[in-house]
Structures are given as C-alpha cells and as structure tokens.
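*Asks:* The lines below spell out each chain.
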Amino acid sequence: MIDKRVRGLAEAVAGIRDGATILCAGFGGAGLPDALCEAVVEQGARDLTVVANNAGTGRGGLAALLGAGRVRRIICSFPRSSGSVVFEELYAAGRIELELVPQGIISERMRCAAAGLGGFYSPVSVGTRLAEGKEHREIDGRMYVLEKPLKGDVALLSADCADRWGNLTYRKSARNFNPTMAMAADLSIAQVRHIVELGELDPEMIVTPGIFVDRVVNVPA
Amino acid sequence: MPLKRRQIAWRAAQDLADGAYVNLGIGLPTMVSDFIPADREIVLHSENGVLGVGPAPGDNEVDWDLINAGKQPITLVTGGSYVHHTDSFLMIRGGHLDLALLGAFEVSERGDLANWTTDDPAFPPGVGGAMDLAVGAKEIRVLVEHTTKAGAPRIRRNCQYPLTAAAVVRRIYTDLAVIDVTPDGLFVREIVEDIDLPALQAKTEAALRPAPNLRPLRAPPV
Numbered sequence: 001m002i003d004k005r006v007r008g009l010a011e012a013v014a015g016i017r018d019g020a021t022i023l024c025a026g027f028g029g030a031g032l033p034d035a036l037c038e039a040v041v042e043q044g045a046r047d048l049t050v051v052a053n054n055a056g057t058g059r060g061g062l063a064a065l066l067g068a069g070r071v072r073r074i075i076c077s078f079p080r081s082s083g084s085v086v087f088e089e090l091y092a093a094g095r096i097e098l099e100l101v102p103q104g105i106i107s108e109r110m111r112c113a114a115a116g117l118g119g120f121y122s123p124v125s126v127g128t129r130l131a132e133g134k135e136h137r138e139i140d141g142r143m144y145v146l147e148k149p150l151k152g153d154v155a156l157l158s159a160d161c162a163d164r165w166g167n168l169t170y171r172k173s174a175r176n177f178n179p180t181m182a183m184a185a186d187l188s189i190a191q192v193r194h195i196v197e198l199g200e201l202d203p204e205m206i207v208t209p210g211i212f213v214d215r216v217v218n219v220p221a
Numbered sequence: 001m002p003l004k005r006r007q008i009a010w011r012a013a014q015d016l017a018d019g020a021y022v023n024l025g026i027g028l029p030t031m032v033s034d035f036i037p038a039d040r041e042i043v044l045h046s047e048n049g050v051l052g053v054g055p056a057p058g059d060n061e062v063d064w065d066l067i068n069a070g071k072q073p074i075t076l077v078t079g080g081s082y083v084h085h086t087d088s089f090l091m092i093r094g095g096h097l098d099l100a101l102l103g104a105f106e107v108s109e110r111g112d113l114a115n116w117t118t119d120d121p122a123f124p125p126g127v128g129g130a131m132d133l134a135v136g137a138k139e140i141r142v143l144v145e146h147t148t149k150a151g152a153p154r155i156r157r158n159c160q161y162p163l164t165a166a167a168v169v170r171r172i173y174t175d176l177a178v179i180d181v182t183p184d185g186l187f188v189r190e191i192v193e194d195i196d197l198p199a200l201q202a203k204t205e206a207a208l209r210p211a212p213n214l215r216p217l218r219a220p221p222v
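Residue numbers (the numbering used here), protein chains in the order written: chain R, 1 to 221; chain G, 1 to 222.
With the rest of the complex left out, here is chain R (with noise of 0.2 Å):
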C-alpha cells in the first residue's frame, strides 16, 4: 500500500541533511511552503543551499531559514522585495552567497534535471553580465549560452489538496514552481491545505501525479 501521509512536520522534514541543495517553491506571497521551511529550523539542517525565486519576506518561511543562518548560498532570480528584510541583512553583512539566475532560467534548469538532460542552450542573458563565463555557441544563426540541470536534494512545496498516493492539486497562481521542483528533487515534500481521499480528486485536475511526490504533511490554511 502507498501512503505517502506523515503525521506532522517534523516527519515530514525528517532526515534533511547539512550541505543538502533545497529547492523552495511559491512566488510573491503564493504557494510558500512556509510551515515546511520553520520545521527545517527546528529539524536543525545548515550550510544549506536555497533555489528560490524570491529571497523570504517578514520573518517566518523561507525568511526563518536565512535568519536561523542555514543558508550558505541562495540561488534565486529577485531577491529583493517588499519586505525582505532577513536577506537584505545577510547580505549587506556578507554572510550569504547570492547567485542571481533569470527566473525562466531556474525553472527551465530544473525541468531539464527532472527530465534527465544534460543542458540546454539559451538566448537569455546573451550580451549580459549573466553570461560571462558560460559556454557560447551560435546555432541557426541565433548566439546561445549553455545552462546546465539544476537538481535538488529536497524540495520543498505547497499545494492545494492531495490523496494519499501524493497527487497535488493547485489553486491560481499559487501553482507557480510547485510542479517543476517536484519533480526535480530527490526527496519532494508537500504541505497541502487538504488531504483527500484517493480517487476524490479528478484525474484531469491532478497537476503534480505522485511519482514525483514523497512526503504529504496536512497544514490547513
């Protein structure tokens, strides 16, 4: 039998180790997986590596995380936002390492991880400060530049509703990096506003199938 159910967050985060590459999901204040990231505090992993479109807001989430001083190196495309103020500390202080990738870019980086290729060739960034040091190669006429797989030990992720084989559902934007980082890590945990039955959620709603899920912890909203 397949139950991809734990009891609470703290099993749900179990076994993360030091050093591990978290991948982060949510965008703006949408599809945080915020209770995950304070149960990986307390879980008390460090000299963690973040891929995160955005670099945490108040206090909790992600911002908890940076501010416990886990995080050695966030990968992220726009760190600064209202209210970043954990982020815009640690790195006025120099005490973590920003690499700042465009936000197609992070994403289509973990897709190709997810879908086992090697890298992809990209215009993004050609001319730019962002590609010094990467491979060029005109194709077509057209100048790329070589982006590599980006591939997570762990993500981390929020959802709408899952069943007990790790089916996610979505609501709106809050789908965002949800299902790319699902996908793209080794070990892919869910917080999720409702857990359902199996069979209750439509076959043609289910975004995230549950092979790429691993752990589904309930936090209502």
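Any given hint could be a false lead.
[As the list claims (entries may be wrong)] Covered stretches of chain G (in silico footprint by chain R; criterion: 3 or more residues with CB under 8 Å from a CB of chain R, positions within the stretch not fixed): (1) 118-125; (2) 163-173.
[Said to hold, decoys possible] Reference excerpt, derived from the structure (chain R facing chain G, CB under 8 Å, subset only): (3) Arg72; (4) Arg73; (5) Ser81; (6) Val85; (7) Gly104; (8) Gly127; (9) Thr128.
These are calculated hints, taken from the structure and not from any lab test.
Ideal Cβ placement from N, Cα and C applies to all residues, glycine included.
With the hints as your guide, set chain G onto chain R.
*Replies:* Frame of chain R, contents of chain G only:
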C-alpha cells in the same frame, strides 16, 4: 505639460492590437491594464503563470493565491487559465507573446535595455523575468520617465548600467515623447505640446530625428 505616469500607461495602451498576447512588466507597465481600450480583446500574461489577467479585485474579493508579477492581487478574466512557471516562461522565451511592455533604467539608441541592476552595493540586484522577456517576446516596448529625478537622460548613446539585453527595444513611451528605435536611429513620433524637438534633444543623450508624421503627444486626465 509632461505626462503623468498613469498617462504614459494610457498612451502605451492605445497601441495594443486587438487579439494580442501581452506581458506587462512590474512598475509603470503594470498600470497599462487599467487602460485597455474597450473595443479590443487583449490577453495579459503574468510571468508567475497567469494568462488572462483581469482588473484589480475589490476589497472583499482579494485572493492571495491569485497575484501578478508585482505580487499584487489580481483577478482572472473569463477565458483565462493558469500554468506552472516552466510553461509560463516557455510562452515567454518561445516567442508566443506578441509584446512585452517593460520598465527601464536606460535605453540606448540601438535599443539596448538596462533594467535589472544599478550596481548600487546597498541594493542586491534582481533580474526576475526581465532577461527572459527581453529576448523572448516578439516585440519589446519600454515605458520610462524621460530623465531621472536628477535630470539625467535615460535615453542614451550607450547604457551606463549593465544590460538586460542588447538591441531589443522597438518603441519608447516617456512623459515627453513617443520614440521609435530603428536600424537608422531614434525617430520621434509624438512630442508633448509645450516643448519642441531641440528642447527634447537637450534632455536626451542619443540623437533624435523627427518622424515624417510627427504629432503632438496628448493624453486625457486619467
């Protein structure tokens, strides 16, 4: 009178073609959604996976699962849909969007765009989706105030700030003018009524020439 920011957005909205799929960048371009001409169906794309962005919600209708690239609450139009991030950027990079309206720090006379970092050490840089949009949409137009608050020109021979993409901008809407970027240089299509071309040139580093049908730039109070 220079246009106000909302009037720049109004002016850019007048040029949107019926049926176009359009991405609005954060800041000034986001205001364009308030001025879509009523006789046209325009599908607005938001990089975080929304196709068919609708007007801002009423106070009782805010749903924080439904936001735009600027992280503000939005609504979805009838016929709209949601996709995940990778597909959203496939739309962007793969040439599926007809137009992206973007903000800028600077634009060069060749259409180089600089809008992601000023290299100010006090502010960590943020690129977001700007580089994907700048090379991916079929056409790029920029909305920008003609000069900085200190009066420095934002339309330059060469950008002083690091580039987002080279030679991508085709049209610039400012508070003073509408300017086309062509292989032959910058052509002023419209100019506000109380300044003339020499006065506009004085606020612009790159060389300007009048388009053959140079017209006054007017916008209603909005």
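*Asks:* Which of the numbered hints are not met once you compare them with the structure shown?
*Replies:* When the structure is compared with the hints, numbers 3, 4, 6 turn out to be violated.
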